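Protein sequences, first through last, are from chains A and B.
Be aware that the first sequence starts at 32, since it is given in the working numbering, and climbs by one per residue.
Be aware that the second sequence starts at 49, since it is given in the working numbering, and climbs by one per residue.
Read the hints as simulated data drawn from the structure, not as lab findings.
It cannot be assumed that every hint is accurate.
Stated by the list, open to error - Here are the computed lysine to aspartate or glutamate pairs in the DMTMM-like style, where the Cα-Cα straight-line distance is at most 20 Å: (1) A/K333 - B/D126; (2) A/K107 - B/E407; (3) A/K105 - B/E479; (4) A/K196 - B/E520; (5) A/K363 - A/E269; (6) A/K196 - B/D126.
Just so we're clear, the structure is a prediction, and the values are computed from it rather than from any experiment.
Residue strings, one per chain:
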Amino acid sequence: MSSQSVRRIFLLACAFAAAAACGAAQAVEWNLQPAASPMAAEIHALHEYVMILVVVIFVGVFGFMFYSCYAHRKSKGHPAAQFHENTTVEIIWTVIPAIILVIFAWPVTKAVIAQKDTSAPELTIKATGIQWKWDYEYLKGEGEGIHLVSTLATPRDQIEGREAKGEHYLLEVDNDLVVPIGKKVRILTTAADVVHAWWVPALGLKQDAIPGFIRDTWFKATKVGTYRGQCAELCGKEHGFMPIVVKVVSQEDYSQWVGERKKALLAAADDPNKTWTLPDLVARGEKVYAANCVACHQANGKGTPPAFPPLDGSKVATGPKAGHMDIVLNGKPNTAMQSFKQLSDTEIAAVITYERNSWGNKAGEVQPAEVKARRK
Amino acid sequence: MSSVPHAHDHDHAHGHDHGHDHGHHGGYGGIMRWITTTNHKDIGTLYLWFSFIMFMTGGVMAMVIRAELFSPGLQIVDPDFFNQMTTMHGLIMVFGAIMPAFVGFANWQIPMMIGAPDMAFARLNNWSFWLLPFAASLLMLSFFVPGGAPGVGWTMYAPLTVQMGMGMDLTIFAVHLLGMSSILGSINIITTILNLRAPGMTLMRMPLFVWTWLITAYLLVAAMPVLAGAVTMTLTDRHFGTTFFNAAGGGDPVLYQHIFWFFGHPEVYIIALPAFGVISQVIPAFSRKPLFGYASMVYATSAIAIISFIVWAHHMYTVGMPVTGQLFFMYATMIIAVPTGVKVFNWVATMWKGSLSFETPMLFALGFLFLFTLGGFTGLVLSLVPVDIQLQDTYYVVAHFHYVMVAGALFSAFAGVYFWLPKWTGRMYDETLGKIHFWLTLIFFNMIFFVQHFLGLAGMPRRIPDYPLMFETWNKISSIGAFGFGLSQLLLLYVVLKCIRSGEPAPQKPWEGADSLEWTHLPTPVPYHTFETPPVLK
């Protein structure tokens, strides 16, 4: 092939790349998300400084290289010099980068120290990563005692392409984490099963959630709005489907939300001693199943064996009630089946009844009182 | 890369001259020659072909990943299989493709470059190689057991590993075998370099490729047992009731990460240093000028190797270390930029006022220099704790390490293949096709990975099978680039086969500026046995 045809292929490839760039549909994002906290703004600034530094050095060094490629070519008849040492130059290009780095380390060090300072929070929330949802407990400050479980709200139909994808596809949850603006919020992270990571880009924080340990981080939101992030540590099959949504509201709205939430919690608390009819339990259980079980065991109860066994016709779901309750309450060690004891007695009774009376199963009902008695 | 036909020619031509009564191929022909060979050139060839097969296998997995990520939503694979793909792509590329490729170069080149007849432990050398196909088979077998291959990422973080099926155990045993192979190979390389140099070949006269491998081999001996320990602890946590990484029994999941990265960071340099070595041979040859700052290159390489053992936790800024820990690892990481910078400056200074020509090896070397430095700079960005906390586990990191691993190690391996192919096969490759291979690889590489920086900045986590709509554009470009990149590598296969079959005969020294022993003292193609009596060096 001639060098002309090489050039033609090169041009074609460029045109192809440009066409691909123009043809894609969505608006493109080039940079960090707009900052909604002082720490995120600080990260923006540091990133910009380091990029300027890097680009200047890069252009400088490769300016030399490309000039050399242009001017010192054999095809232009440039003779090869034979020098191969210069101690002065070597010392200069060792010492100067070292000095630049030391100067640069100073502002970064200040940011690191600020980032780690979780003292004197006005609100403390514990975020527990569970395969594959986030469990939030408001531990201290206004709203103490509120408990939310935050699960992906994007329907399976959108994910599997049977329905048009919504605006916040994969970044929407059933229960947002609501926090007040301008307050120092400390987030404690931990996990129930494997390592997860709690990450909200616009707030400038990311903290791994480690099973058996508590870690912490903090933020102070400066703008009202909804900020969306995702789990950032590979945590198994549904790792891509456990978003984090933080809704920052004004102080008044926050107080109002806390009040409503507390009232709703009281009203929603089911009486565990009530006796339910089978159809009511199944109807309630179907909702609980959709929120907690469907990702692994699937809507048709067939699971995705062998990691996630089927419930349809399974020994547990058609055998003795006690065994079924135990596995839902306590989970099964060394498998993805975790404990669901955070659900209420009524919810557990309902979901067990649903599992025992759906698909091909017909194994009778479980009442909330039985679950209550079975809890250890 | 195969020297089969020419080696046979040589048998007939020179067999009697040397007066050997044994066969040059150990008395076996056909497949048994390769299974029983103790010849460093044969074993180098085996390593390189093995590496290429693994490169293609891992590449197919990358294509599956990029196909799924072409559009938002789940189209082609389910999330479980997607995780298996990312895991196996990583393990196969690191342990199956890149590392064996450079061991292949070491086998071929080190004895020739230092004037030795062969590697020090010839039979051990055979075993080091033949462990690899078994390790690779175990890895691939994991796809066919219940539960499939592990979907835990190549880093195999606990305690997710405890949830996996028996594919995880097969992977652990594969890692054991790979580690064993690396350690045995390294012992061989160290012994060869320290004991079998020709008289007059002092350490400070060795080609830089040999130096980088000497240092790399020490890194391997130090780091691989640590990985073996980490995966063995995972194995006993899975099956024998230990709780190294389980808080309920007094263990700590983060301990795994510390142990893994204590191996994992030196591993980065295990891959990068031999690449530096190849580049340090290629750039002077095509600049027709000696390497600038040879001694400082040796010191910089050693400094990088030593510092690489004290920076591991920069992979773990988000686990929640104490502030002093974060600062220590940040400063140590920033310091690595200094010796790395020295190397880049030296390479540019080598070119300065040279007499440059741009054959394919030089093009790949320049591509390496430009893009590896870019990857080094994003490494500097990531070394800063606050910025890293934003970018950790995003596509920015994916882009960064592919700039270092692909544009760094792989480009350098390509440079090495084109550089030494004439010496190995006795024939020239097709220069035009080589250049096309370079330009396609360069363009598609940047198409895949440059845009991933933007994805990471905008907040796309890595290792997800599906993504929010705002990431669609860059993902499409990246996927198109990936398919182009994958297809372009078939051209390399074609160029190599064409070279072996029908290339023009190569002169003893096809590259004007090349000056190490294999060019100056050995005919082309190199005989099956070389330097049976040590060369005389001035």
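Structure-based check of all given hints:
1. Proposed proximity of A/K333 and B/D126 is supported: the alpha carbons are some 15 Å apart, at most 20 Å.
2. Taking the CA atoms of A/K107 and B/E407, the gap is near 15 Å; set against the 20 Å cutoff, the hint holds.
3. At roughly 17 Å between alpha-carbon atoms, A/K105 and B/E479 fall within 20 Å of each other, so this suggested pair holds.
4. Our distance criterion of 20 Å between C-alpha atoms is met by A/K196 and B/E520, whose separation comes to about 12 Å.
5. Between A/K363 and A/E269 the alpha-carbon distance is near 19 Å, which keeps this suggested pair within the 20 Å criterion.
6. Using a Cα cut-off of 20 Å, the hinted pair A/K196 and B/D126 holds, with the two alpha carbons roughly 18 Å apart.
Consistency with the previously given hints is maintained throughout, with no hint failing.
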